[in-house]
Amino acid sequence: MAAALPRGSSGRKTAVSFTGGKDSMTVLHLMRAPGIALEAIDDASWREDLRERLAKVAHCEVALLVTFVPAGGKQSFKAHPLAVVQLQARALGLPHLVMEVESAPTFLDSYISNIHRLREEYGITALATGDILDVCSSFMPRAAAGTGVELIAPLWGIERRLLLELVWVYGMNPLITCVNITKFTEAAAVKPPTASAVRVAEAGVVAEAEVVDAETEAAAGAGKATGEQQEAAAAGSTWGQKPVALVGRGL
1 MAAALPRGSS GRKTAVSFTG GKDSMTVLHL MRAPGIALEA IDDASWREDL RERLAKVAHC
61 EVALLVTFVP AGGKQSFKAH PLAVVQLQAR ALGLPHLVME VESAPTFLDS YISNIHRLRE
121 EYGITALATG DILDVCSSFM PRAAAGTGVE LIAPLWGIER RLLLELVWVY GMNPLITCVN
181 ITKFTEAAAV KPPTASAVRV AEAGVVAEAE VVDAETEAAA GAGKATGEQQ EAAAAGSTWG
241 QKPVALVGRG L
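Mapped onto UniProt numbering, the consecutive letters of the sequence shown carry residue numbers 1 to 251.
There's no promise every hint is true.
Claimed, not checked - Distance windows between CB atoms, simulated:
1) W168 / A104: 36 to 44 Å
2) E48 / S103: 36 to 44 Å
3) G72 / D42: 44 to 52 Å
4) T182 / C136: 22 to 30 Å
5) S138 / V69: 36 to 44 Å
6) R47 / P105: 45 to 53 Å
7) A104 / S45: 46 to 54 Å
8) P141 / A83: 24 to 32 Å
9) P70 / D134: 48 to 56 Å
For the record, the hints were derived by calculation from the structure and aren't laboratory data.
By construction, the Cβ of each residue, glycine as well, lies at the ideal position given by its N, Cα and C atoms.
Go ahead and model the full structure; you've got the sequences and the hints to work with.
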């Protein structure tokens with residue numbers, strides 16, 4: 001059985017591409033506490049699948065979280081609210097970089113430059129993403145190629161039912177922030193997912209879910225976070241006590 005990589009180990013210095021959504025959060029938790037998933041999953045084929053995925057990150061040490069955002073906030077960019085993503089990172093107790101990407105000369109060039117920075121300024125040698133399918137003609141593999149930073153996608157091709165099971169296994173508290181309005185009403189975006197909602201998702205209707213804890217959920221649902229709520233999230237939600245997305249697991 002795999003064991004969680006201890007803090008301060010000599011593993012590969014790894015950044016997690018962090019959006020605050022269920023995919024990147026699942027990657028982070030698999031890397032920090034693989035044993036929880038292996039113990040909780042009963043299905044033998046799923047456990048074997050997990051072992052193969054965990055082998056990809058067995059010698060990685062999560063050094064920081066990185067969120068890529070459009071420069072100056074000028075471009076249209078569908079993503080979870082950055083202020084809440086920053087609260088999540090603070091609650092997790094991990095360093096968090098926000099890296100701006102420019103459209104000129106191209107977004108690809110800007111990503112390449114930022115990944116070079118991760119290696120040169122922060123000593124990062126691996127970048128883990130929550131990608132599960134090909135996006136924009138293998139955009140991230142092209143961005144990482146030749147930078148000296150290995151791209152790792154532990155969830156690539158994962159069965160969606162297993163991914164959703166991992167969300168519950170790790171005690172995540174999802175908050176839906178974006179829905180397909182042809183399939184859901186607007187009210188669905190501010191309600192915690194129920195078991196029936198999960199069954200809909202398993203049937204192929206996809207909703208974007210941001211993962212929050214009790215301190216940040218109310219603020220995120222209202223679209224803003226007060227200074228007091230930010231401080232409460234930072235002070236009361238540390239890894240090993242009550243971290244974002246993983247309540248009561250004591251990592």
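Going through the hints against the structure:
1. W168 / A104: 36 to 44 Å: Taking Cβ atoms as reference, W168 and A104 lie about 43 Å apart, which means the hint holds.
2. E48 / S103: 36 to 44 Å: holds (43 Å)
3. G72 / D42: 44 to 52 Å: holds (49 Å)
4. T182 / C136: 22 to 30 Å: Taking Cβ atoms as reference, T182 and C136 lie about 23 Å apart, which means the hint holds.
5. S138 / V69: 36 to 44 Å: violated (21 Å)
6. R47 / P105: 45 to 53 Å: The hinted range 45 to 53 Å holds for R47 and P105, with Cβ atoms some 46 Å apart.
7. A104 / S45: 46 to 54 Å: holds (47 Å)
8. P141 / A83: 24 to 32 Å: Given about 30 Å between the Cβ atoms, the range holds.
9. P70 / D134: 48 to 56 Å: violated (22 Å)
Checked against the numbered hints above, the structure breaks hints 5, 9 and satisfies the rest.
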